[in-house]
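Enquirer: Residues per chain, in single letters:
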Amino acid sequence: MNILNATFHLISSGDDTLWSIVALSLRISLSATLIAALFAIPIGTALAMGRFSGRKLIIMFSSSLMALPPVVVGLAIYLLLSRSGPLGDYGLLFTPTAMIIAQSVLIFPIILALTTEAVSPLEQNYRRLLKSVNASKWFRLRILIIDARFSIFTAILAGFGRAIAEVGAVIIVGGNIAGSTRVMTTTIALETSKGNLELALALGIILIFLAIMVNSIMHIFKSMGQKYHRESR
Amino acid sequence: MKFIFLLILFFANSVKAEKQEIILSSTTSTQNSGLYDYILPMFTQDTGILVKVVAVGTGQAIRIARNGDADALLVHHRPSEDLFMKENFGTYRYDIMYNDFVLIGPKNTNATFKNLADFFIEAGKFGTFRFISRGDDSGTHKKEIELWNAFTYRNPSGEWYIEIGSGMGAALNMASATNSYTLSDRGTWLSFKNKGDLEIKWAGDLIMQNPYGLILVNPDVFPHIKSTQAKIFANWLISSKGQKAIGDFKVDGKQLFCPNADKTNTKSLLACPAN
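Those protein sequence lines, which keep their order, are chains A and B.
If you're matching positions, the first sequence starts at 1 in the numbering used here and goes up one per residue.
If you're matching positions, the second sequence starts at 1 in the numbering used here and goes up one per residue.
A few chain B residues that face chain A, going by a derived Cβ cut-off under 7 Å, partial list only:
#1 N32
#2 K52
#3 V54
#4 G68
#5 A170
Residues on chain B that point at chain A, a partial pick, calculated with CB under 7 Å:
#6 N67
#7 D69
#8 G167
#9 G169
#10 F192
#11 K193
#12 N194
#13 F222
FYI, nobody ran anything at the bench for these hints, they're computed from the structure.
Glycine is no exception: its CB is placed at the ideal position from the N, C-alpha and C atoms.
All chains should be modelled from the sequences, with the hints used to inform the complete structure.
Expert: This is how it looks when you write it as structure tokens:
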């Protein structure tokens with residue numbers, strides 16, 4: 001009861017700090033999802049199309065990377081972006097950009113592996129047909145992505161889910177700086193460490209609502225697409 | 001189109017970085033108490049410089065500064081600070097403030113001890129006794145190890161001694177859930193909201209003093225360090241206004257930190273902070 005009260009109070013108080021934290025969380029995780037998807041979808045599809053040696057190995061390796069602990073990704077990006085690291089001159093550490101990079105790296109293997117998984121059966125169905133019309137590689141890639149788009153969509157959602165829920169990587173590369181790199185998950189970690197357990201849980205509930213909202217918006221788009229898909233046949 | 005959007009996104013961040021701001025690598029004990037939320041807005045109002053605080057354990061905070069990722073360092077472990085200075089990573093160290101460490105334990109217990117030495121020597125022999133150790137190379141953890149070694153001449157071990165490798169808050173949450181003992185800085189303890197059946201079991205000995213120092217990172221080692229702004233921050237903190245702000249900061253009517261930049265003004269540890 002206490003927790004529901006705290007949640008309700010938190011939302012109804014219309015606290016500016018809270019909304020800027022929510023906005024930053026969304027901005028970072030959506031950007032990371034977009035960047036990761038932009039690279040992972042074509043590469044994942046190409047992996048499903050390819051018939052070269054070592055392909056299976058690459059697929060296996062990329063799906064193993066789904067198990068990457070966020071802390072390890074955070075640490076690697078930290079060392080890369082640190083002033084003493086190879087990319088230190090850009091001064092990106094402890095900025096939202098660093099957090100976007102870390103989350104992109106973290107969810108790239110997820111979207112990649114799930115895209116390969118989604119495209120593979122479709123590719124087997126289309127293989128002969130596409131070969132018979134002598135379709136170019138680019139054309140085949142495009143057709144496969146377009147026709148597998150609903151499964152790829154699920155891959156993107158999985159990636160976003162991981163990004164928005166993740167705390168280990170962003171707290172290292174972002175530094176959890178108030179008003180600058182503090183997102184929902186790092187706030188929850190901070191409030192827990194201050195012993196504000198109700199507030200932390202209330203923030204968790206808001207995070208879930210946020211995820212539900214993003215997911216439903218994307219699902220609405222998806223079902224609109226599916227409807228269009230059926231009607232156009 | 002998407003690439004243009006991404007480019008804008010990236011550059012939007014780097015433009016913002018041109019503002020007057022410094023990064024302060026500091027400890028969770030100062031952050032969690034709310035001290036920075038209280039004093040930093042005053043500093044920013046006076047000088048226009050924004051201070052971005054990265055709060056981690058003292059060990060990690062020093063590591064961040066050694067990598068050149070912070071302009072200033074505010075931590076609480078004198079030997080580590082002196083080493084940092086000796087290795088030429090810092091240009092100057094300022095005494096800023098202090099409070100003390102407190103021994104936290106369950107209210108209802110049949111374990112009794114006459115003094116601090118008694119506690120540390122007899123620890124582990126009280127039956128259901130448990131001690132939660134930070135085990136994370138933080139200032140508090142280093143202090144705790146110092147105390148064990150000062151009283152028992154060895155590092156503690158046994159089933160009753162639990163190293164959790166986490167922050168002060170996590171240690172207090174765990175102590176609260178399992179009615180165990182732990183060592184905390186007074187600031188984090190006073191502002192901690194999940195005390196449960198815990199209370200201060202011992203405090204006030206001189207060996208429990210917890211001084212905080214500010215170190216400016218050496219711009220000769222890292223040319224990008226904003227030494228001018230960091231110096232302004234240091235001067236503000238040791239000024240009468242900054243020192244007064246630190247002393248004025250209270251949680252539930254209790255003072256958490258005692259300013260001590262002014263060497264002529266000597267108060268005894270027991271007088272401040274008043275509990």
